[in-house]
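Participant: In case you want the letters, here they are:
Protein chains: 2
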Amino acid sequence: MDLKDLFLDKEKYLDKKITLCGWIRNHRDQKTFGFIDFADGTCQQHLQVVYDEKLANFNEVQKLLIGSSLEVTGKVVKSQGQQDIELQAESIRLIGDCKDNYPLQAKGRPTREFLREIAYLRPRTNLFQAVFRIRSVAAMAIHEYFQSHNYLYVHTPLITTADCEGSDQMFKITTLDFNNLPMEDNVVDMKKDLFNKQAFITGTGQLHGEAFAMAFKKIYTFGPTFRTENSNTKTHANEFWMIEPEIAFCDLNGLMDIEEDMLKYVVSYVLEHCSEEIAFCDKFVEQGLKEKLEKLVSSQFTRITHHDVVDILKKAPNKWEFTPSYEDDIAKEHEKYITEYFNGPVFITNWPKDIKAWYMKLNDDNATVAAVDLEVPGAGELMGGSEREADYDKIIARAKAMNVDIDTVDWYMNLRRFGGCYHSGFGMGFERLIIYLTGVENIRDVIPFPRTPGNCEY
Amino acid sequence: MDLKDLFLDKEKYLDKKITLCGWIRNHRDQKTFGFIDFADGTCQQHLQVVYDEKLANFNEVQKLLIGSSLEVTGKVVKSQGQQDIELQAESIRLIGDCKDNYPLQAKGRPTREFLREIAYLRPRTNLFQAVFRIRSVAAMAIHEYFQSHNYLYVHTPLITTADCEGSDQMFKITTLDFNNLPMEDNVVDMKKDLFNKQAFITGTGQLHGEAFAMAFKKIYTFGPTFRTENSNTKTHANEFWMIEPEIAFCDLNGLMDIEEDMLKYVVSYVLEHCSEEIAFCDKFVEQGLKEKLEKLVSSQFTRITHHDVVDILKKAPNKWEFTPSYEDDIAKEHEKYITEYFNGPVFITNWPKDIKAWYMKLNDDNATVAAVDLEVPGAGELMGGSEREADYDKIIARAKAMNVDIDTVDWYMNLRRFGGCYHSGFGMGFERLIIYLTGVENIRDVIPFPRTPGNCEY
Chain V
4 MDLKDLFLDK EKYLDKKITL CGWIRNHRDQ KTFGFIDFAD GTCQQHLQVV YDEKLANFNE
64 VQKLLIGSSL EVTGKVVKSQ GQQDIELQAE SIRLIGDCKD NYPLQAKGRP TREFLREIAY
124 LRPRTNLFQA VFRIRSVAAM AIHEYFQSHN YLYVHTPLIT TADCEGSDQM FKITTLDFNN
184 LPMEDNVVDM KKDLFNKQAF ITGTGQLHGE AFAMAFKKIY TFGPTFRTEN SNTKTHANEF
244 WMIEPEIAFC DLNGLMDIEE DMLKYVVSYV LEHCSEEIAF CDKFVEQGLK EKLEKLVSSQ
304 FTRITHHDVV DILKKAPNKW EFTPSYEDDI AKEHEKYITE YFNGPVFITN WPKDIKAWYM
364 KLNDDNATVA AVDLEVPGAG ELMGGSEREA DYDKIIARAK AMNVDIDTVD WYMNLRRFGG
424 CYHSGFGMGF ERLIIYLTGV ENIRDVIPFP RTPGNCEY
Chain Y
4 MDLKDLFLDK EKYLDKKITL CGWIRNHRDQ KTFGFIDFAD GTCQQHLQVV YDEKLANFNE
64 VQKLLIGSSL EVTGKVVKSQ GQQDIELQAE SIRLIGDCKD NYPLQAKGRP TREFLREIAY
124 LRPRTNLFQA VFRIRSVAAM AIHEYFQSHN YLYVHTPLIT TADCEGSDQM FKITTLDFNN
184 LPMEDNVVDM KKDLFNKQAF ITGTGQLHGE AFAMAFKKIY TFGPTFRTEN SNTKTHANEF
244 WMIEPEIAFC DLNGLMDIEE DMLKYVVSYV LEHCSEEIAF CDKFVEQGLK EKLEKLVSSQ
304 FTRITHHDVV DILKKAPNKW EFTPSYEDDI AKEHEKYITE YFNGPVFITN WPKDIKAWYM
364 KLNDDNATVA AVDLEVPGAG ELMGGSEREA DYDKIIARAK AMNVDIDTVD WYMNLRRFGG
424 CYHSGFGMGF ERLIIYLTGV ENIRDVIPFP RTPGNCEY
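Residue numbers (this note's numbering), protein chains in the order written: chain V, 4 to 461; chain Y, 4 to 461.
Please keep in mind that the hints were generated in silico from the structure rather than gathered at the bench.
Fair warning: there could be bad hints in the mix.
Because identical chains share one entry, a pair is satisfied inside a single copy or across any pair of copies.
Stated by the list, open to error - PhoX-like cross-link-like pairs, simulated, lysine-lysine; straight-line CA separation at most 20 Å:
| no. | residue 1 | residue 2 |
| --- | --- | --- |
| 1 | K237 | K339 |
| 2 | K200 | K175 |
| 3 | K339 | K295 |
| 4 | K175 | K195 |
| 5 | K397 | K102 |
| 6 | K194 | K175 |
| 7 | K286 | K194 |
Please read these numbers as outputs of a predicted model, since none were measured by experiment.
Whole structure, please, built from the sequences with the hints as guidance.
Facilitator: Written as structure tokens, this is what we have:
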């Protein structure tokens with residue numbers, strides 16, 4: 004059985020004999036008895052296993068090292084210590100021993116930087132147990148939200164030749180031998196590659212998602228995406244997961260309704276299903292985390308235009324590093340001020356067109372686009388979305404003006420000619436959500452095996 | 004509201020006024036009235052919209068072309084035709100018109116080959132509505148199965164330097180300019196690339212999954228994978244999705260229990276949640292599909308060794324194209340015979356070691372490995388798995404013998420030194436499952452935007 008099932012229904016198993024398989028997280032051996040801090044990874048809680056000389060292999064068990072895997076059979080009893088229950092061992096069988104150079108010893112708390120160096124072992128620590136369990140449950144919450152609201156889950160392609168975000172931001176892929184490239188007229192002949200042309204791995208499924216929204220009305224993607232950005236910050240990785248819903252017959256206000264509803268659902272779901280993990284992070288990672296999340300669920304998100312945000316920033320008493328401007332993006336310091344000003348999440352709408360993407364709907368003022376960013380206290384921008392330009396002539400003009408390679412996306416443009424409609428979508432970086440949910444600050448610590456410039460171990 | 008919600012509770016909406024947004028799938032206009040075959044993509048069913056001269060814009064509505072998007076308001080009434088219900092339109096508003104060169108007209112049934120050429124429009128056809136809805140629901144079923152059984156969903160990396168399946172089967176990725184490669188000693192200097200070395204996109208998450216199974220006991224992956232195979236068959240694509248569960252403290256028999264239980268759960272779930280879609284595929288794609296799926300759910304899967312399968316094949320009256328052999332893989336014709344012989348799904352275990360992967364557990368006979376393939380009637384191999392070699396010395400020896408680049412996977416080997424345990428896992432190609440669930444034969448028709456050699460449009 005799993006430890007999780009035991010802790011979910013302790014009364015049921017009290018005084019019953021059970022068998023568990025798992026690992027020694029800590030071990031205190033006395034002369035005639037011992038305590039094993041036992042975990043199996045199915046829940047945040049550990050179980051104390053008590054054994055004594057009555058074990059046939061008592062001497063052997065006493066010598067077991069931290070990290071070893073075991074099969075334990077025993078009786079669940081009320082504990083006299085801090086725990087509710089403990090296990091009185093009747094047999095303990097070693098399954099796999101652990102070398103004494105195991106880097107995760109009980110003494111000392113290893114730094115997160117050190118743990119990144121042993122990414123294949125760090126999931127065994129309490130912190131990463133909590134983080135990756137929250138990650139798994141949050142993923143499930145997202146699927147449950149969209150599926151229960153009649154959305155189609157669509158697997159948009161990763162390999163692509165379409166130019167959405169700009170091909171210079173995409174990894175090229177090839178089956179060719181770098182040291183023996185086929186040439187034609189002194190240029191590498193990509194026609195000889197597997198797809199007969201240069202292909203990339205993509206940073207977004209949006210364009211393909213829109214094609215499916217025009218068939219299924221409401222769709223979402225949830226998959227990995229890639230960016231070549233050579234940037235070493237806490238929030239950038241070259242591989243990350245993204246959720247990209249796209250909704251036909253939905254304008255910008257409708258989109259904000261969905262974003263708010265979805266986020267509250269996911270946060271509530273995690274609070275309910277990961278109470279132990281959230282309590283752990285609240286205690287050891289971000290004090291006040293639980294309260295922050297509960298507050299979000301009950302809050303009303305503010306909706307305000309970029310123009311009005313800039314007004315507020317200009318009137319603020321702060322000395323800004325970056326001067327707020329009606330034409331520019333807002334800086335991290337501005338995001339922080341605005342979420343504190345409104346004391347909660349803020350949707351900022353109608354951004355200057357020149358700093359936003361070509362597929363966003365141009366507003367009647369001809370100066371702004373119907374885009375929306377969601378700014379969340381303590382995490383900055385969590386989602387970015389827009390109503391899409393549904394007018395064929397307008398989107399062609401915008402794409403040309405922004406140097407998009409239109410030939411690669413003519414099919415996408417055609418969606419406007421064959422029963423197109425007003426529609427909207429957003430993207431949410433999944434890691435950014437996990438950072439928000441756990442309080443862990445660095446994207447490298449919320450991805451199982453992070454990829455950043457110069458780092459592709461494991 | 005969504006059409007799906009209307010059909011889920013028709014009684015509730017009878018004689019009520021509702022508003023729907025969606026598309027014209029067909030249109031018959033008479034002199035004083037008309038019928039619109041209306042769909043919104045949230046369910047397989049269409050709704051008949053009836054309108055007459057009382058509409059203010061009657062003349063305009065009469066001219067609406069197939070494919071156009073609409074907003075329709077009207078009363079739900081009992082139908083006198085084939086449908087249970089229809090909508091008596093009170094207002095019909097055109098949202099997006101459709102050019103008359105729209106390739107999906109009502110007349111004629113376009114071939115699947117033709118529809119592949121318009122992959123961005125084909126999801127609007129009844130066939131692809133059914134296929135992609137089943138795909139979405141099957142994905143949800145997989146998540147529900149594993150999450151409800153305490154598995155952790157882990158996002159293993161796509162970008163990797165680890166050699167699991169052989170680097171010649173992986174796409175290389177780069178940010179370098181093919182026509183201006185940095186050279187050192189007449190060789191391309193990959194240290195200048197973003198990760199300071201050659202990186203790939205992977206065909207499996209298994210190795211990373213095992214690292215997480217050693218921390219969380221039960222994990223699963225569900226994500227895209229890539230293979231460079233230059234193969235144009237019905238079952239090969241260069242990008243596809245895969246599910247890879249990995250379970251600590253689980254032997255080969257335990258693994259088969261899980262595979263059988265999971266598959267039955269997913270098939271039952273799809274039968275329950277996609278009854279209209281299955282009925283459609285049963286009628287137009289594979290006659291007897293529904294019965295086939297129901298039979299699977301109630302069947303007992305056979306378990307038999309590779310050796311005993313070969314015995315049966317040798318005794319069979321058939322004239323084989325490929326002679327059955329105790330040392331070789333079994334051919335498609337053998338798979339077919341065996342599933343018919345046992346009249347149901349068959350687990351074939353204990354395969355000759357030389358035709359299986361290096362990480363599989365060597366049996367005591369020193370000739371076979373603890374591998375298992377699941378053969379399913381009509382679909383061939385649906386899952387492949389094994390108990391993993393848990394012995395450090397043995398796996399190192401096997402890897403060396405099979406020319407694995409051990410330096411890239413030393414961390415993986417170390418899992419055997421730090422509290423390793425017997426453990427097992429399997430991979431299921433998601434498209435192969437969808438082929439089985441829909442009866443659609445070609446992998447190109449169950450992936451939204453398929454990538455095969457020479458084909459990377461859209």
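Participant: Does each hint hold? Answer for all of them.
Facilitator: Going down the list of hints, with the structure as the test:
1. K237 to K339: within (17 Å within a copy, 53 Å between copies)
2. K200 to K175: Result: close both inside a copy and across copies, 11 Å intra and 15 Å inter.
3. K339 to K295: Classified as within; 15 Å inside a copy, 58 Å across copies.
4. K175 to K195: The answer is both: 15 Å in one copy and 15 Å across copies each meet 20 Å.
5. K397 to K102: Result: close only across copies, 17 Å inter versus 66 Å intra.
6. K194 to K175: both (14 Å within a copy, 16 Å between copies)
7. K286 to K194: neither (57 Å within a copy, 42 Å between copies)
Hint violations for this structure: number 7 only, all remaining hints satisfied.
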